[in-house]
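> Here are the chains, one letter per residue:
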Amino acid sequence: MSTSFLSVNDLKVHFPTEDGLVKATDGLSFDLERGETLGIVGESGSGKSVSSSTILGLHRGSKARVSGEILLDGVDLLTLSDEEMRQRRGKDVAMIFQDPLSAMHPYYTVGNQIAEAYRVHHDVSKKAAKARAVEMLERVGIPQPDRRVDDYPHQFSGGMRQRAMIAMGLINDPSLVIADEPTTALDVTVQAQILDLLQDLQTEFQTAIILITHDLGVVAEMADDVLVMYAGRAVEYGTVKEILTHPEMPYTWGLLSSVPDVSGDPDAALLPIPGNPPSLLNPPSGCAFHPRCTHRDKVAGDLCRTQLPDLVPGPRGGVHLKRCHLSDPDVIYRAEILPEIAPDLVEEL
Amino acid sequence: MGAYIVRRILVGAALLVTMSLVTFLLFFATPVDYARLACGKTCQPAQIEEVRKSLGYDDPVLVQWGKFMKGVAVGREFPDDPALRAAAPQLVTECPAPCLGYSTQTNSLVGTTIKERLPVSLSLALVAFILWIVVGVAFGVIAALRKGTLIDRGIVGIALFFFAFPTFFVGLFLYTYFAIKWQVFPIPRYTPIADGGVWPWLQNLLLPGATLALFYMAGYVRITRAFVLESMGEDYVRTARAKGLPKGVILRKHTMRAALTPLVTMAGLDLASLAGGAIITEAVFNYQGLGLLAGTAARNGDLSMSVGIVVTLAAFVIAANIIVDVLYAVIDPRVRVG
Numbered sequence: 001m002s003t004s005f006l007s008v009n010d011l012k013v014h015f016p017t018e019d020g021l022v023k024a025t026d027g028l029s030f031d032l033e034r035g036e037t038l039g040i041v042g043e044s045g046s047g048k049s050v051s052s053s054t055i056l057g058l059h060r061g062s063k064a065r066v067s068g069e070i071l072l073d074g075v076d077l078l079t080l081s082d083e084e085m086r087q088r089r090g091k092d093v094a095m096i097f098q099d100p101l102s103a104m105h106p107y108y109t110v111g112n113q114i115a116e117a118y119r120v121h122h123d124v125s126k127k128a129a130k131a132r133a134v135e136m137l138e139r140v141g142i143p144q145p146d147r148r149v150d151d152y153p154h155q156f157s158g159g160m161r162q163r164a165m166i167a168m169g170l171i172n173d174p175s176l177v178i179a180d181e182p183t184t185a186l187d188v189t190v191q192a193q194i195l196d197l198l199q200d201l202q203t204e205f206q207t208a209i210i211l212i213t214h215d216l217g218v219v220a221e222m223a224d225d226v227l228v229m230y231a232g233r234a235v236e237y238g239t240v241k242e243i244l245t246h247p248e249m250p251y252t253w254g255l256l257s258s259v260p261d262v263s264g265d266p267d268a269a270l271l272p273i274p275g276n277p278p279s280l281l282n283p284p285s286g287c288a289f290h291p292r293c294t295h296r297d298k299v300a301g302d303l304c305r306t307q308l309p310d311l312v313p314g315p316r317g318g319v320h321l322k323r324c325h326l327s328d329p330d331v332i333y334r335a336e337i338l339p340e341i342a343p344d345l346v347e348e349l
Numbered sequence: 001m002g003a004y005i006v007r008r009i010l011v012g013a014a015l016l017v018t019m020s021l022v023t024f025l026l027f028f029a030t031p032v033d034y035a036r037l038a039c040g041k042t043c044q045p046a047q048i049e050e051v052r053k054s055l056g057y058d059d060p061v062l063v064q065w066g067k068f069m070k071g072v073a074v075g076r077e078f079p080d081d082p083a084l085r086a087a088a089p090q091l092v093t094e095c096p097a098p099c100l101g102y103s104t105q106t107n108s109l110v111g112t113t114i115k116e117r118l119p120v121s122l123s124l125a126l127v128a129f130i131l132w133i134v135v136g137v138a139f140g141v142i143a144a145l146r147k148g149t150l151i152d153r154g155i156v157g158i159a160l161f162f163f164a165f166p167t168f169f170v171g172l173f174l175y176t177y178f179a180i181k182w183q184v185f186p187i188p189r190y191t192p193i194a195d196g197g198v199w200p201w202l203q204n205l206l207l208p209g210a211t212l213a214l215f216y217m218a219g220y221v222r223i224t225r226a227f228v229l230e231s232m233g234e235d236y237v238r239t240a241r242a243k244g245l246p247k248g249v250i251l252r253k254h255t256m257r258a259a260l261t262p263l264v265t266m267a268g269l270d271l272a273s274l275a276g277g278a279i280i281t282e283a284v285f286n287y288q289g290l291g292l293l294a295g296t297a298a299r300n301g302d303l304s305m306s307v308g309i310v311v312t313l314a315a316f317v318i319a320a321n322i323i324v325d326v327l328y329a330v331i332d333p334r335v336r337v338g
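Chains R and B are the protein sequences, given in the same order.
Every letter in the first sequence is one number past the one before it in the numbering used here, and letter 29, counting from 1, is 29.
Every letter in the second sequence is one number past the one before it in the numbering used here, and letter 122, counting from 1, is 122.
Extracted from the complex, chain R is given alone in its bound form:
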């Protein structure tokens, strides 16, 4: 048994629908320590959000079929009763949602909603909870928090709403925070402030953070470990340095290639990953990425189409896992991918 703070083992979240079984998450495993950040990266529909809301127990009451283990401090969250899970929700595990305009109730003041999160788990007066909300608003950098606490969400700017959302998530000092694209709706300068804020709070409270994003720049800045997801499965998993410097899976290459290079030629075309994310209802056979993979011919036989590769250590060994049939990914990466996306780094590596 794992001794990590959070240990997810073979997590499967399947939704039966009229058209068939949707395998939103299919056999996901990862570990996370306190004070560390795991970045989960992938396109829309890759299973990032489903996996994390399952950790929070938000699938309960829906038709989702969940199996596997989610061990938080040694306790399997999936075996808890609905009521036990409810009591942990927001207290031990908290979530920071994207798009806080719709994630906050338009009819209640920001302060009311933050204080509400506190009062569910603490038997305190409304006044004390409001004082605590003001304290949290100040902590996340809202100016004049004692006045703004009585504002409604629509009176806040986008960045302030996201800060308020963070205040709401962190008010109970949760040990695990899931941040679902916390900066997607914000402009770049505000993004940086929010990420700094999250990092400061993490250092202060030794919070474990799962950061869901499709922005590799955010991952590079925030994460200790990275999990790349595709079609409900992990396709690459390792430390942020390993994944960003020696990616071994063509899908990760695609993600890296499609990051715009602000220091390079402004007219340079972006290199998108061809094709569309697969349907989870009827995923491609073998490696789910093979229809979009430009390197599948480098694998002998028709292996990519017929056989799902295991998530195994790559040629560099260590904790760097990849799900790919390519035998020499590092060579291909240095020869074909790196010159295109960061020519100045070719010599260095």
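I should point out that these hints are in silico values taken from the structure, not numbers from a laboratory.
Keep in mind that the hints are not guaranteed to be accurate.
What the hints assert, rightly or not - To list a few chain B residues with every Cβ distance to chain R over 12 angstroms, as calculated:
id, residue
1, R8
2, A14
3, R85
4, V170
5, I280
As the list claims (entries may be wrong) - Dumping the calculated PhoX-like pairs for lysine-lysine here, alpha-carbon to alpha-carbon at most 20 angstroms:
id, chain 1, residue 1, chain 2, residue 2
6, B, K247, R, K91
7, R, K63, B, K147
8, B, K247, R, K63
9, R, K126, B, K253
10, R, K127, B, K253
11, B, K53, B, K41
12, B, K67, B, K53
From the three backbone atoms N, C-alpha and C, an ideal C-beta is built for every residue, glycine too.
Chain R is already provided as a structure; the job is to place chain B on it using the hints.
Frame of chain R; chain B shown alone:
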């Protein structure tokens, strides 16, 4: 907000004036000769003209309407004849402002008659309203929470069943079984609160109230169900769950609050139009409310009474609209604070 309400009230008043004019114009646009109708079958043309003159129908429509408006503003006398007033003041009826007119058919002031009938219709509307709001919203929420199950389909189906049945059928059914055969309720007859207290008043209103409520309920079941379902899928409800709030609190505080706006709109307007009377239900239960009064007035060509009722009913609808708009601001801070 204050200026807004004042503006709305002024527009509402202008609307009422227009409504009264339209009623006059429509009345004389019908191919019926009301003077002849009032006079009777055996009248000679000369007599008909006499009646027409005594009813005031010989004046141009606009002049008649002008007299009506003057009555509303400063009051008037019936008949408006200084000579008669000097000779026999006991024959002249004073109608102080706001005067809605004098009905020669009921031989009474329109305002007085409406004031007599109004409590009946208001009581009926109120009891029906409370019944359908409580039952309709409760079942709407249950249907939403049990979406797709037999309970959901059962509730929506039964609500539609009662919606589809004509009021006179449901009313007569309830009357026959609950009042006559099983005698669960007394034979309904309107008992003012002043006469016997709240319970007799309410007890007598339950059957006609239920008749109306069963009809109106369907809309509330469906709209509550739809908006609760929509609201349950909102991000802020997910946030509420993520906070660890218990289910009951999420439903009451977060889900239901959002479903309130459409309910208030519908409830306000339904209540207002019902306050103007429910002809069929009043007829079935022999409740002398505004609905029956309006029906009789229209049938008998009682212009004064018709105009009075139309203006009263329009005033209710306009007032309800203003109140609903003000309630929006109370419910939704985005309307209240920019």
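> Now tell me if each hint is right for this structure.
For each hint, the structure was consulted:
{"no.": "1", "hint": "R8", "in the structure": "23 angstroms, holds"}
{"no.": "2", "hint": "A14", "in the structure": "33 angstroms, holds"}
{"no.": "3", "hint": "R85", "in the structure": "61 angstroms, holds"}
{"no.": "4", "hint": "V170", "in the structure": "37 angstroms, holds"}
{"no.": "5", "hint": "I280", "in the structure": "39 angstroms, holds"}
{"no.": "6", "hint": "K247/B to K91/R", "in the structure": "16 angstroms, holds"}
{"no.": "7", "hint": "K63/R to K147/B", "in the structure": "13 angstroms, holds"}
{"no.": "8", "hint": "K247/B to K63/R", "in the structure": "17 angstroms, holds"}
{"no.": "9", "hint": "K126/R to K253/B", "in the structure": "16 angstroms, holds"}
{"no.": "10", "hint": "K127/R to K253/B", "in the structure": "19 angstroms, holds"}
{"no.": "11", "hint": "K53/B to K41/B", "in the structure": "18 angstroms, holds"}
{"no.": "12", "hint": "K67/B to K53/B", "in the structure": "15 angstroms, holds"}
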